[in-house]
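Chains as they are written, first to last, in the numbering used here: chain A, 1 to 248; chain B, 1001 to 1953; chain C, 2001 to 2317.
Note that these hints are calculated values from the structure, not bench results.
Take these hints with a grain of salt, some might be off.
Distance windows between CB atoms, simulated [claimed, not checked]:
(1) 1775/B x 2005/C: 52 to 60 angstroms
(2) 2092/C x 1822/B: 55 to 63 angstroms
(3) 2316/C x 217/A: 25 to 33 angstroms
(4) 2065/C x 1606/B: 37 to 45 angstroms
(5) 2053/C x 1092/B: 51 to 59 angstroms
(6) 1940/B x 203/A: 37 to 45 angstroms
(7) 217/A x 1606/B: 49 to 57 angstroms
(8) 159/A x 2005/C: 49 to 57 angstroms
(9) 203/A x 2053/C: 57 to 65 angstroms
(10) 1530/B x 231/A: 55 to 63 angstroms
(11) 2189/C x 1822/B: 54 to 62 angstroms
(12) 159/A x 1675/B: 22 to 30 angstroms
(13) 2042/C x 1007/B: 53 to 61 angstroms
In silico lysine-lysine, BS3-like type, Cα no more than 27 angstroms apart, as pairs [unchecked claim]:
(14) 2223/C x 219/A
(15) 1293/B x 244/A
(16) 190/A x 1058/B
(17) 190/A x 219/A
(18) 2178/C x 2316/C
(19) 1675/B x 1717/B
(20) 1920/B x 2223/C
(21) 231/A x 244/A
(22) 1384/B x 1717/B
(23) 219/A x 1848/B
(24) 1920/B x 2237/C
(25) 1384/B x 1710/B
(26) 2246/C x 2223/C
(27) 1292/B x 244/A
Every residue gets a Cβ at the ideal spot worked out from N, C-alpha and C, and that includes glycine.
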Amino acid sequence: MTSLPEKTGKKLGLVIDLDTCVGCNACVTNCKEWNTGGHMAPLTDLNAYGAEADGVWFNRVHTYEVAGHESCGAAPSRTMHFPRSCLHCEKPDCVTVCPTGASYKRASDGIVLVNEDMCIGCKLCSWACPYGAREFDVFEGVMKKCTLCIDRIYNENLAEEDRVPACVATCPTSARHFGDLSDPNSDVSKLVKSRGGVDLMPELGYQPTNKYLPPRARKDTTAAMPAPELKPVTADGFLGWVDKMLSR
Amino acid sequence: MAFTAPVENDGVNTSPRVSDEVKTTTCYMCACRCGIKVHLIDDQVRYIQGNRDHPVNKGVLCGKGAAGIMQHTSPARLRKPLKRVGERGAGEFIEIEWDEALASATTLLANIRATDPKKLAFFTGRDQSQSLTGWWANQFGTPNYAAHGGFCSVNMATAGIYTIGGSFWEFGEPDWDHTKYFMMFGVAEDHDSNPIKIGLGKLKGRGAKFVSVNPAQTGYSAIADEWVGIRPGTDGLFVLAIIHELLKSGSVDLEYLIRYTNAPWLVIQAPGTQHDGLIARDDAGNPLCWDKKSNSAVSALLPDVAPAMRGSFEVGDKKAIPVFQLMAERYLDGSYAPDAVAARCGITTDTIKRIAAELAHVAFQQTIELPIAWTDWAGRRHEKMIGRPVSMHAMRGISAHTNGFHTCRAIHLLQMLLGSVDVPGGFRYKPPYPRPIPLGPKPAGKNGTRANQPLGGMPLGFVTAPEDLLVDANNQPIRIDKAYSWDHPMASHGLMHMVISNAVNGDPYTINTLFLYMANMAWNSSMNTRGTIDMLTAKNADGSYKIPNIIYSDAYFSETVAYADLILPDTTYLERWDCVSLLDRPISDAEAACDAIRQPVVEPDRDVRGFQTVLLDLGARLKLPGMTNTDGSPKYPGGYADYLVNHERAPGIGPLAGWRGADGSSQGHGAPNPKQLDAYIANGCFWRGEMPHDAKYFKFANASYLAWSKQMGFIPKAEQIVLQIYSEPLQKFRNAARGHGAVQPPDKNRARIDAYFDPLPIWYAPFEEAAISSTEYPLHALTQRPMHHYHSWGSQNAWLRQITAQNRLFMNRATAATQNINDDDWVWIISHAGRVKAQVRLVDGVNKDTVWTWNAIGKRKGTWGLKPDAPESTRGFLLNHVISEHLPDQQHSNSDPVTGQAAWFDVRVRIERAADHEQKDAGHDFAPLTPPPGISPGPDVLQYGANFREAAE
Amino acid sequence: MNPALSVIFFTTASGAGYGILVMLGAYAALGRLPQSMWFGLTTMVVALGLITAGLLSSTFHLGHPERAWRAFSQWRSSWLSREGIMALATYVPALGFGLAWVFPESVKVPLYLLGLLGPVMAVCALGTIYTTAMIYRSLKPIHHWYNVHVVPAYLVLGVMTGAVLLFALSLLFAEPLKFIAPISGLLLAAGLTAKWRYWSFVDSTAGTSTPGTATGLPGAQVKSIEWPHTEANYVVKEMGFQIARKHAGRLRTIAIWAGFVVPAVMIEFSILMPAGVQVVLAVCAALVMALGIITERWLFFAEAKHTVTLYYGAEKA
Ligand SMILES: Nc1nc2c(c(=O)[nH]1)N[C@H]1C(S)=C(S)[C@@H](COP(=O)(O)OP(=O)(O)OC[C@H]3O[C@@H](n4cnc5c(=O)[nH]c(N)nc54)[C@H](O)[C@@H]3O)O[C@H]1N2
Ligand SMILES: Nc1nc2c(c(=O)[nH]1)N[C@H]1C(S)=C(S)[C@@H](COP(=O)(O)OP(=O)(O)OC[C@H]3O[C@@H](n4cnc5c(=O)[nH]c(N)nc54)[C@H](O)[C@@H]3O)O[C@H]1N2
Ligand code: SF4
Ligand code: SF4
Ligand code: SF4
Ligand code: SF4
Ligand code: SF4
Ligand SMILES: [Mo]
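So here's chain A without its partners, still in its complex pose (with noise of 0.2 angstroms):
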């Protein structure tokens, strides 16, 4: 049903550090070779070895920079990472638009899925994703995206501390974080309090489940890392001062 449910019991997502990411691709690599084998089964490669090669992502990491944040410091720019994904939004035109029924999104966890056996492939929920969070496998023919790993987060065959998705469990740096946004308590919920967790766009009124933390104000300036200016020692110089010291 691609009627939104009112409310969803949990609203798993994931919350990303942009602090943090060094952009080393690692959440992009494991989401691809969990997935490529995992529910959306395969995520195809088109041109695989040659020129235009055109595979199916679910996760992707842009590098920008970014000037006239205070996380510049004292420099005129700074660099950001920033891997996105599907935002498992609260209020996703994604769903709503797709006239089949295939994409829908859970009222118990509020994970956005689509089900392919009903995908027509018209491709108007990837339009309707602001943030390109769907892929459509040409190949196919139908649209694929993120599933926040559902065959990981709940799977008896692993172990429990392996239920979180794929990119969560390999970031090597942890700038991703995955949990229930919706319980208060939560360690993501306490994170994005914290670290004034935002939402991407929000003026599209998608309301985004997973957040984004933005980069910290840089450390680069005397304001921010108070250090005493270091002083000569005394008018016998340095030596003197050792020897001063030495005989105390």
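Chain A is already provided as a structure; the job is to place chains B and C with the ligands on it using the hints.
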């Protein structure tokens, strides 16, 4: 805590079967060597997961590691031994059986060994089995052996080992859990890929300050709290200016310097004599210091002396002054003041001063104490461990310059002055480091080579004086790469980058066979790529090749395959036994010694063999002593796995340290254990031997650590390791250059040795910069490793290549504007050595005098299982085409004068917008290479994993 | 947005088809529809043919046309689903109307029923055009579509194209329809006005999203320096279509002249002409208009910028 699956009734199977079987092994998508769990369905790899228990990666994988499936299934995998039938480079090969391949190699090699073993040059690239390959060279009897170290980061290794008895690389790490101020110099990714990222994550979590000194603001620098966009090659000046500030303000840890470094040691002042600059020693050879209590020179190794740190003293008949005074006087000089260096470094005076102040502040005002009681080497008990929580890490941005050795020493000096080497919050060694300084043994081969005889020791080692050099009676290099000669005396890792050119030029001599393993010398690991290709195909007047035979082991169809005569195809990393040994490049962490194995998790579907097994087989066929029983039968018929268990380098010491002894109960030492590999597999394919709790810091002087290290066999004696601010071995070479001693450099080398073998860190302009005109070549050109590609390997990987299939030339927006260069324009990069075309991407986050690109993305057409239209070979490029292996004078190699480290990052260029008709692609004129039999570009449509879904449902 | 030919053809062709139905319905309601089998048959075949071809063409761009039936299920939330239903539903009155109109003898429907079926058909047709328009109009990520000017333009352009076609057909069969020329002219003027307002709106406004809001840093200047993958992917190809300003300007001129002005002039001029010339002018007007409207529709897609392009270097969307 995991969530339980809710009732949704949408038909989604939330608990699909993940695999039939999970096997652990060690990743080799790069040299970080993380632990992995390979999930298999029907013997196919379903998923590769990080091993949570593993000491290196603790469960995470990087972008490469998670793309292992595509490496393992690469279309470029070699399938069977190949024999060249056409001209070199023409790609005409026939497939042959292993027996034929091994027999022909044996004939060739046996002949060399029976006549002149040094005519075999065995160079092994990105080898992780150097203790085997080095030993093989030794048994064969050739000194001409090395791996990638010389073109990689030997400056860093040598400077560290001679200074602090350990090094950056992955041989040490910041105290991620305690450091409050972390400075990173010239690192894009490094070998410790995942540990560094895990560590940076911790710093971010704790809010410690992270400073990145790097001309480019990418990757790690992007998340730094401060980015210092330094001009390349000037870090030494920057660091010495910080030292100037610290000294001037008395912000140094005197107690630490007295206790743990050679700051109090006395240096003889006798200009013009052979003793000048050497350490004053007693008859037993102990270094002397001036004891203020007794007012006499006493052994500096005695505990509880009160050494003078300044003053001039009579020691015997000579005048001597403490190291500390020499050091302080040098760097207090106004030429090291921040305002004197700022412009050259491209950093403001204020920034240098502020960083110095911050370092001092954190080190001395934010001291941390760990409640760990410990006893030092002299038996003194300390109730707690006091730490100066500033830490540093540096890598190739420092080392890949002709001044890299000294710059790296300067960084270590800074660490010592702050008292932050192996203290809580500082830089920490990983076992087997620290090791005695200087580290033994010396390189073997000094006495030349003998037919059918082993070399008598490992070819690579550490020289301490001119007497140790590998030069012949005429003072000429003994080694083909001129390592340990007067050209590069402290070439601890050899000079792989000079082998081909020296062999072709017959300088110092010609060779018969070049045996290469895992090094793409015909492309991305060579400077002057085109010249290298020409040399590989160069012929004598009689039509024979100047390098008569080339044997190569690769696993994939790389550019170099096309230039070899005999190809020994290797397995992929998931198909073989392998070992990450403490005798080699360890994977220890700061609190434990660690090693690991690889086990075959899938059977090869091709006629390929693990290189190490092949090497042992060749050794047995050649009847090399260590590899053959007295009855002539092979000693390790079970191949590398057999060797891993049964080989003993010294009694009780083998490739693997875990589960030794007949019953598997010992670690470090012990008899071979026939069940050792099973024990490793049961433990996830790694072993971690933790050191005692009180041994975890101050390792160089910690009685508990030193005893543990000795017991593990890492150090010969449990003696204090004194950190070397002043490096006496350097002075010995300098004295030789000044005309003292039995072994002296040829006249042409004297001035160079004298200038660069300064026992205290110095800075000088990189050689290429000094030799060319800065107006003609105003810019520095650098490469950086992309975190998701490993050198040349990634382009055959259908997933990784999608991320970067073309490398841009990144250029500062303001600099480009002065030349009317726009984003996306094609430009020529022109150096004194050549030119190459690239497409620019304008950015703000790069030093204005610097351009850079991603390393090793450009590929030669036809290779790596790619189609001819692949962007890697149409729009990508290699900076190597404009880097020369020689300095502009064509006299010296483009290497550090002390260690021979290849100076990749010294190259100077100018950028010119390409003509309008050239504004399309990189326009390479290298002829396409023809794939060998059995290899063709991969499929157009890849649907890996489709069958797993069915299997799960 | 990528101007896919199948969708351009679908919206223009079916729009015109529905436009004819609207016009026929209106004439029938007013009792002004001439009874003529050939005219009726041809007109109905053209109208339903355009509609059917359009609908079929729209299924060509589906990944799984064989599952197209599923698209009728989500009318509660999806305009695409509603469009499908409306399109299908419209066939019922349209076929009934057609039979009654073309074969009054055999069907034997009372005339008042035609007057009843006509408006029902017209409303259904308008409704279908409306649902089509709403598909675009409700896409928040696309500023060029998510605005009040889209629906009127679609409705007017649909009826307008239908009227011009009907004008040509009526002349071909010499079955004069009262006021069809002035009505067409008025519709062309209305169409141009609707489009003009649309263009001035999109030219003078931009979406509220910026690279800053897209990356969670509102107010900051965010510049893309590297794409996640160096080569273009589905999202870039589908949503990142770029057209140069100059090029777009030229095409707009074509759309304005060919789509509205020239046909209007030709039609009004044709009134003064003898019957033979009139027919030729009317058919030419229809053809010229087709070219113009296809151009207009191509631009409707090509000029539309999607917010996802903000991630790939666009400064506004
Ligand atoms: N411009 C520039 N050039 C550089 C550098 C730079 O920073 N800038 N860095 C330099 C440095 S530090 C290094 S270490 C070198 C590295 O350069 P190389 O040593 O050439 O390393 P790779 O390209 O990684 O791979 C070498 C070969 O190993 C093969 N190989 C991969 N896996 C296996 C295997 O399992 N078995 C076998 N037998 N072969 C295998 C690959 O197919 C490839 O042909 O590059 C150097 N070149
Ligand atoms: N993903 C991945 N990991 C790898 C490798 C790989 O190919 N890919 N290769 C492995 C190998 S063989 C090696 S040797 C290591 C090397 O690891 P790194 O040392 O991280 O290697 P580079 O990418 O050469 O990075 C050099 C950095 O130094 C900067 N730099 C250049 N010149 C200067 C300078 O003068 N001063 C300062 N401060 N910075 C400078 C460059 O901008 C760049 O960021 O990485 C290893 N790890
Ligand atoms: S794995 Fe983590 S650090 Fe790496 S790109 Fe993804 S979010 Fe960033
Ligand atoms: S991010 Fe896009 S695909 Fe995901 S729920 Fe939101 S609108 Fe839908
Ligand atoms: S492409 Fe598939 S999932 Fe997307 S809207 Fe169309 S039918 Fe629904
Ligand atoms: S949650 Fe799973 S599917 Fe979604 S981006 Fe992360 S790894 Fe990919
Ligand atoms: S860092 Fe990545 S590629 Fe290297 S060993 Fe670890 S997981 Fe493998
Ligand atoms: Mo390296």
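Given the range 22 to 30 angstroms, decide if the beta-carbon distance of residue 159/A to residue 1675/B lies inside it. Distance hint for residue 159/A, residue 1675/B holds at roughly 27 angstroms.
Look at the Cβ atoms of residue 2065/C and residue 1606/B and judge whether their distance stays inside 37 to 45 angstroms. 42 angstroms, holds
Between residue 1384/B and residue 1710/B, does the CA-CA distance stay at or below 27 angstroms? 24 angstroms, holds
For residue 2316/C and residue 217/A, compare the CB-CB distance with the range 25 to 33 angstroms and indicate the outcome. Between residue 2316/C and residue 217/A, where Cβ atoms are some 27 angstroms apart, the hint holds.
Is it true that residue 1775/B and residue 2005/C lie within 52 to 60 angstroms of each other by Cβ? 56 angstroms, holds
Next pair to validate is residue 190/A with residue 1058/B; report whether the Cα-Cα distance is within 27 angstroms. 25 angstroms, holds
Would you mind confirming whether the straight-line C-alpha gap from residue 1293/B to residue 244/A stays at or under 27 angstroms? It holds: about 15 angstroms lies between the C-alpha atoms, which stays within 27 angstroms.
Restraint status (C-alpha distance of residue 1292/B to residue 244/A at most 27 angstroms): 13 angstroms, holds
Is 49 to 57 angstroms a correct range for the gap between the Cβ atoms of residue 159/A and residue 2005/C? Taking Cβ atoms as reference, residue 159/A and residue 2005/C lie about 51 angstroms apart, which means the hint holds.
Taken at face value, is the distance from the CA of residue 244/A to the CA of residue 231/A at most 27 angstroms? 17 angstroms, holds
Restraint status (C-alpha distance of residue 1384/B to residue 1717/B at most 27 angstroms): Given pair residue 1384/B, residue 1717/B holds - Cα atoms ~25 angstroms apart, limit 27 angstroms.
Is it true that the CA of residue 190/A sits at most 27 angstroms from the CA of residue 219/A? 24 angstroms, holds
The structure fails hints 9, 11, 18 and 19 (numbered hints given earlier, in ascending order).
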